[in-house]
Amino acid sequence: MRTLIAAVALVAMLAAPASALQIADVQWGFDGHVVPDRVNLLTLRLVNETGVPFKGTVHLIKIEGAATYVGAPQAQEVFLTPGGTRWIQFYTWNNRSEESWRLSWGDRIGRFSAGEDLQKQPKFGPPARVLLNEPGSLLASRARVITFPEDIFPVTVSATDGLWSVIMDHPPRWEPARREAFLDWLHRGGIVHVIYGPDGRFPIFAGDMAFLNQDKDRYPVGSGRVLRHKLRRDDLTEDALVDAGCRGLSLESSQSGYGGIRPEEIFFTSVKSFTRAEHPWGIIFTIVVAYFIVVGPVNFLLARRWRDWRRTTILHVSVVVAACVLLAWLGRRGLGETAAVNSFAYARPVAPGVYDVTQYVNAFAVSGGTYTFQYPSPKDMTPHSIFASCVDEEAVKGVIRNGPEGTFEADMPLYSERPWVWRGKMKGPDLGLEVESWPNVEDPRGLSIRCGGGFPEDIMQAWAVVGAKLQPLVKQSGRLVAEQSNEDFTNISSDLDENRRNLRYNSYSHGDEERKTNPAEEYGKMVRPLMGWAVGGTGAYRYRIIRASKVEEAGKAVERQEPTVDTHALSGDNPGDSIDLFVAARCPEGFRLLRNPFGREMGYVVYHVRLLKP
Amino acid sequence: MLRWSRIRKVAESPMPLLAKELIEQSARKRTYVIRIVYAVLLFVLFGLAARDLFRESGYRAIQMMGTGRSFLSHLVNLQFYGIFLFLPGMMSGVITYEKERESLALLMLTDLGPWEILFQKYIGRLVPMFTFILLGLPLVGSFYALGGIETSEIVTATWLLCLSALQVGAFSLMFSAWCRTTTAALVTSYLFTAAFCIGPMALPRLYFSEYLSSFLAAFNPACVYAKTTSGGISVTLWSLPALGSVIIFLAMGKRFLRTRAFVPPKRRLLALFRRQDAFLKQFNAVTGGIVLIPDRSGLPEEDPVAWREVTKTPLGKINYLLRLMLLVEIPLFLAAIGLVMTEYSGMGHERLTMVIYILWGVATLAIVARAADVVASERTRQTLDVLLTTPIPGADIVRQKMSGVWRMILVLLIPFLTMFGVEGFWSRNFLGGEAEEWGALYIPFSTATMLVYLAMFAWFANWVGMTCRSRTRAVSTALVLVALWCVVPLLAMRMLDGFGIISLDGPFRWSWFTLLSPATVIPMLEGARPGNAFGADFPMWGIFLANLAWHSFLLYIFRLLCILRADRYLGRAVPGPVPSAPPASVQGKAA
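Just so you know, the sequences run in chain order A and B.
Numbering-wise, the numbering used here puts 76 at position 74 of the first sequence, and it's gapless, one number per residue.
Numbering-wise, the numbering used here puts 491 at position 502 of the second sequence, and it's gapless, one number per residue.
Just chain A, same shape as in the assembly (with noise of 0.2 Å):
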């Protein structure tokens, strides 16, 4: 019996360990989902249930496999006084669906170290369409649509890329840094729908958002939509959503002949390919050659002029220890000078001249140490840099600390490699397009936009993407203008596949010495995936706006001819109401990184402008 109890106490012992902190809440996303191949928002309500403060450093970690972590360990100081609780929040790259992720804090950072798992697992869904509720508000639990507690409404738009769509009954109460970040991902393309407030009339909002205030049903802010709807938020249902043409959307994952494409494994694996080592081989040659002549009838020569076979040995092995330094030399030169930071930008305006930037990048170092990657703060904004080490394979030694002036700490060793992914704000030329020619939405080759003084010089393509084509367009006179022949959006899914098999079957070496000599050519061939990624996804996951199966046609109800692709998915317009507009050009000076300690940086940018008609 005694044996049993001290059993018994030793499981409750084991059982319930004596912890810093614990997490009381997990939400993943806006809506408990999150977005494939973007940056998302993980938030977590922490509680210091001890009697004593905690303040330290606590990880996040990704557990994969046997491995003690995967990835780069994010980091956030915290401080909680005895018995108090408070929201953090996290920004994370999810590569699947039920991934394992924990929070440790202590010394030390794995699976085993003090923390706890996230008892949530984060599953894929669509870019969310929330309802905002005051905290503590009572009217929250009325709601019958998915609800976002307004206070922990991310305060970069960075984090934004899971938010679909904003329902606001009443004016929110954000500090300057919150508002930024809303204002910001409205300008960027998002939608907010304006319904009733508890008082049956629509809310009256202030200061920088008054815009909202506008009595019209729809209209445009920067690239994004207002939408005022006649609902309260107890009629607000699914069903009526939808009648008030507020549609929702759909994740479809696609496992199409290669299993479906991940855009970022194209873009990564083509930023890597840029590191490629310079040797002289015309020096190299010639030393070999030399050292073929010396090491035969030089030393041969002088062999029978010497008669002394020690003399013509320690020549022999002089030449031989000559060679080997000098060309030992010459490989670690040629290496040395692929040293480099190459990156791929997307770059969606906020403001003239301001844009929310993603940035796939690909560091080598041919010295071995602790690098601090770190991003310029452009002044007169709220600065906040996301990183994002997007690797699953391995567990990076470093960490990532988010957060304005953000930075990202890796150990690499020499010759070795670090890509990562940064989402942030940046300065960048101001783009100021305009559009002269609304085009027909069947065939848009009447399109014509003005560039404004901002508009790059050079650039490299430039595409539109109007109702379900494609249209390439060329730079004349200070205007885009459409060249006389397009194609179907769809053709970019064949081009994903393409690249699909090319990353499986290595035969970019094909181009070797194209991407040698020219770089534009290769960053050329990522714009067309990227464009697929941007307007809702064509590759191994796409967003649908959700339909109605059947449709009346002649008083019938018939089966609906579901689209390939939905273009305009994700701007929730109808097809003719918006132009996405693509440009593609070297990187700004902006867009670089603060330091760069390996010398050469070389980029470039696509612009996404999404165009509304007024």
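To be clear, the hints were calculated from the coordinates, so they are not data collected in a lab.
Possibly wrong hints are sitting among the right ones.
Selected chain B positions facing chain A (in silico; Cβ < 7 Å) [as the list claims (entries may be wrong)]:
#: 1; residue: Pro5
#: 2; residue: Leu7
#: 3; residue: Leu11
#: 4; residue: Ile12
#: 5; residue: Tyr21
#: 6; residue: Leu126
#: 7; residue: Pro127
#: 8; residue: Ser131
#: 9; residue: Ala173
#: 10; residue: Thr177
According to the in silico footprint, chain B covers these stretches of chain A (three or more CB under 8 Å from chain B) [unchecked claim]:
#: 11; stretch: 285 to 295
#: 12; stretch: 305 to 314
#: 13; stretch: 468 to 476
These numbers come from a predicted model, not from an experiment.
A virtual CB, placed ideally from N, CA and C, is assigned to each residue, including glycine.
For chain A, the structure is supplied; the task is to place chain B on it using the hints.
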């Protein structure tokens, strides 16, 4: 007292024979030519292997990081093959050369003991081999920067390469001490190298059990390298069998140096056949005097040189030849059938093909060595001058000297025909599709190729042998040139293709140039298909016919060279116009 004088002498001149060897080698052009050949082969073959590795990595620096081990492995394997190819040729003549010049007796009269002679000769040939191995060091330097190599791996590789050189050198030296002639020592050394060093790598494909190959692999540093590259205790333990074998080979070499220093030629097989003749003659008294092939031996009525060439060997008489053929044929036929029957897949003849490749190698080695030796041996024995005093024209001397080689080809025809016959029969009757169609053509084309090739190599080697002064030089030069002839065109074409200068699959059929190498068609005869490299839908028999025509032409040229220039090469005064008296002005100047 005597001991002190000896010690002083050793201290004054520690290794006189080694010093002499090294001085001679350092002043000899051949040392540097071989060094260059070794270096070029090493760098070119390594370059081709490295290009494949670069291609696999997509030429991306980052993909190549950490691949240094693969580069090291390629380089070390090439160095092992370099040792197997070069060292027997360098080492096998060291004692036989002294025997042939009859200077071994003088050497043994000096105060150098057998161990000292053996060691100094041994080290004298190992030093150049080590300088060859050292030639690869710059390559290590160039790919060390890629990472992925630990220092212990380089140390292990170096140690195993040195051990392999010690081993190959030791048994080649042992055969040099055993054999009477350089040719015999050379051929034996190479055959032993093939069996002892390359055999364990090929054995799993030939034998049913892997135990034997595992056991033999323990004695082979190249196999030890393949098993473990990490260094430490495991390599030390794995090295012990090879180290032990070095000691045993050297001990046996020392023994043979004394016991076989002055051994006359015994011709055991010939003696055995003669004893059989005597027995059969006695037995004939019982059987009633049945003689199937009457013995017509005696002095020759014509072709005395040819008579001497064939009668001093077991191949001299037809009945001896038949006995030898039966002796070889029966076990060979049974072995060929066994090999085909026990193929892994039951659908091919991979093992038989392996044996045919080995047969090609052995036959070429034997024919080249023999043909290069026919004139060089007369020259070394100083009997060529006697031969030249006879009224036989130089062309006839060469032609008759080659009759021994033709007999040898005749004997080699037995295993070749057996193998070709079994493979052709098997393909035609048991394998379907293309193999069945090809089966009928396989035997005539393979036999014709074999006859043309061996005759061509024989005349080529004879030509090389006539231009060399010593047997060692003649045989080794002929062997090296034949090896280069087989390898260089293939390597050159692959290299040009690899570096994008030509395209073997392009519209201009560069692949036809690979027929410059005799080795090109042998795998094709054995079933390897070149695709469209020789032209779309170009028939295989067309390629073989073209190859036969080209090599028959070369055979004719080499034969013509040997026959027409025989007198010049043999050193006989060539009849020509009598030089006229010099002009008066020249006479005046001379005065």
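- request: Go through the numbered hints given earlier and state which of them the structure violates, listing their numbers in rising order.
  value: When the structure is compared with the hints, numbers 1, 2, 9, 10, 13 turn out to be violated.
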